[in-house]
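Just need the whole structure built from these sequences, with the hints factored in.
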Amino acid sequence: MPTDTLTAIALRDAIAAGTLSAEEACRDALTRIAAQNGRLHAFHSVESERALTKARALDVSVAARGPLHGVPIALKDNMVVAGTITTAGSRMLEQYRSPVDATVVERLEAAGAVIVGKTICDEFSMGSSTENSAFGPARNPWALDRAPGGSSGGSAVAVAAGLTPLALGSDTGGSIRQPAAFCGVVGLKPTYGRVSRYGLIAYASSLDQIGPFARTVADAALCLEAISGADPHDSTAAHLPVPSFSSALTGDIRGLRVGVPRALFADGVDEGVLAAFDESLLVLQRLGASIVDVDLPHSRVAIPTYYLVATAEASSNLARYDGVRYGLRATGAKTLGEMYDRTRDAGFGDEVKRRIMLGTYVLSAGYYDAYYLKAQQVRTLIRRDFEQAFATVDAVAVPTTPTAAFKLGEKTADPIQMYLADIFTVSAPLAGLPAISVPAGFTPDRLPVGLQLTGRAWDEATLFRMADAYERSTEWKDRRP
Amino acid sequence: MPETPPDLDVRKIAALARLELTTDEVERFSRQLHDILAYADQVQQVDTTGVPPTSHPLAESQVWREDEPGPSLSRDVILEGAPETSVRSGLFKVPKVL
Chain H
1412 MPTDTLTAIA LRDAIAAGTL SAEEACRDAL TRIAAQNGRL HAFHSVESER ALTKARALDV
1472 SVAARGPLHG VPIALKDNMV VAGTITTAGS RMLEQYRSPV DATVVERLEA AGAVIVGKTI
1532 CDEFSMGSST ENSAFGPARN PWALDRAPGG SSGGSAVAVA AGLTPLALGS DTGGSIRQPA
1592 AFCGVVGLKP TYGRVSRYGL IAYASSLDQI GPFARTVADA ALCLEAISGA DPHDSTAAHL
1652 PVPSFSSALT GDIRGLRVGV PRALFADGVD EGVLAAFDES LLVLQRLGAS IVDVDLPHSR
1712 VAIPTYYLVA TAEASSNLAR YDGVRYGLRA TGAKTLGEMY DRTRDAGFGD EVKRRIMLGT
1772 YVLSAGYYDA YYLKAQQVRT LIRRDFEQAF ATVDAVAVPT TPTAAFKLGE KTADPIQMYL
1832 ADIFTVSAPL AGLPAISVPA GFTPDRLPVG LQLTGRAWDE ATLFRMADAY ERSTEWKDRR
1892 P
Chain W
523 MPETPPDLDV RKIAALARLE LTTDEVERFS RQLHDILAYA DQVQQVDTTG VPPTSHPLAE
583 SQVWREDEPG PSLSRDVILE GAPETSVRSG LFKVPKVL
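In the order they appear, the protein sequences are chains H and W.
Going by this note's numbering, the first sequence opens with residue 1412, and the numbers climb by one from there.
Going by this note's numbering, the second sequence opens with residue 523, and the numbers climb by one from there.
Covered stretches of chain H, going by a simulated chain W footprint (3 or more residues, C-beta under 8 Å):
# : region
1 : 1635-1649
2 : 1716-1724
3 : 1730-1738
4 : 1741-1747
5 : 1780-1789
Covered stretches of chain W, going by a simulated chain H footprint (3 or more residues, C-beta under 8 Å):
#  : region
6  : 530-541
7  : 552-558
8  : 562-572
9  : 597-603
10 : 606-619
Quick partial rundown of chain W residues pointing at chain H, CB under 10 Å, derived from the structure:
#  : residue
11 : T544
12 : E547
13 : T576
14 : S577
15 : H578
16 : Q584
17 : V585
18 : R587
19 : G592
No lab work stands behind these hints: they were computed from the structure.
Where is the CB? At the ideal position from N, CA and C, for every residue including glycine.
Here is the structure:
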């Protein structure tokens, strides 16, 4: 049976029913990747032998079946799998093999998922198009000359093109939701602390969070259940029970209140995107939700706030790449200091250097108060705006992105234009809140558009419920590139 | 091309960040960092009098656990990933410090 159009749940059920083996499902995924990766460049590396070995073991296992038994999954290339290469899209880690598994890897495999490979991403997750990958960009399956979004672009492409039914990405300022919108798939950034970051290559530690890509909300909910929860290896992974997100998908959203911060997108949003967004609000309304106005005044300065906070954290996190313990080392240096400087110049790409330097500057003596501390205070105000909104609404709705997928090369010359692609996604991580992007139609040019719903802390369940009810009332998930 | 403000010395920042920049890079990054900082200056317009900073979104900031010894990675496994080592003495090797 062809498996490219099956959801993760349908695939798992087919394996449970005996109509398909985990090995067959895995071979199918590997065959699709081999056939299409040349065109899409979604994957940087594929671990065929490892995946087939794991799949065969599942087929003969007598242990209880996990909720993702036999489901092939792709990982953004910034999550480590023991013994295999993880590059984070950087020359610095081109040959890096981790001695350990990320916690999400352990949990996925315990749930029966089969990791098939690692996807293209912007270097150290710094970018919105995958064009900052040292290994070349992934391509949007809806229009090959367009960006898939980023930084987790390859994962979005893998799911959109039906290479794998599920993928993981990481989101710091929109790196799951923006590519999900550009590629027409579901993407969720969980509440900060929902998922362990152990084994995730760090960018900005107070913002980074791992989350799922899927073609349906139900698949995303199932995947999040599998990877969530406390972890002795990450003290920021919260000690809270993980709800059954799947059982939140009742289809009933009557009485829920959706806030729309209209003032935020008074201008600068593409007409086709806005039309699809307004249409999606009508669908929610028909389903019994009420639409109310909210104001998030400080989100207007979310982009500069984000770039001051995230780059400061990045400059500190990326100090570890010094050519001593792992990764690249530049040759020919006469002294230790020279080796550091040359290694970092050779190993990092332009965007990473820009962000490290910006972060170094805003943390340096004399500028700390004016930039870094100020941004942290504005971060408090952005968070308070949401708290106030959530006193009266259950979710906040905005278009995930101001435009549909832009052309590859269109924004590479101007860093600020690239940063503005994340204008509607940076607020949620600054406030630590969960947010989902769900396919919400197409522009007149037939490019996908995303509806973003942001929820209360720890309330992914309401986001899943709302997004699932919306998905059931539309036909977007059945469209294929 | 906007003028680089006197306090944005890219060579100095690069030295602090341990990056060796080429002449081309110094010119390009000066211009780009200047533009980004000019853009980021919007935050100065926000009144933050008396507002505490948020360094972290979690309320739960101190997490305690029992201090129980467990297995850790062996020295050989750790050294395997290093660019240059002295396996015999179990050390990372680097160029001379001075």
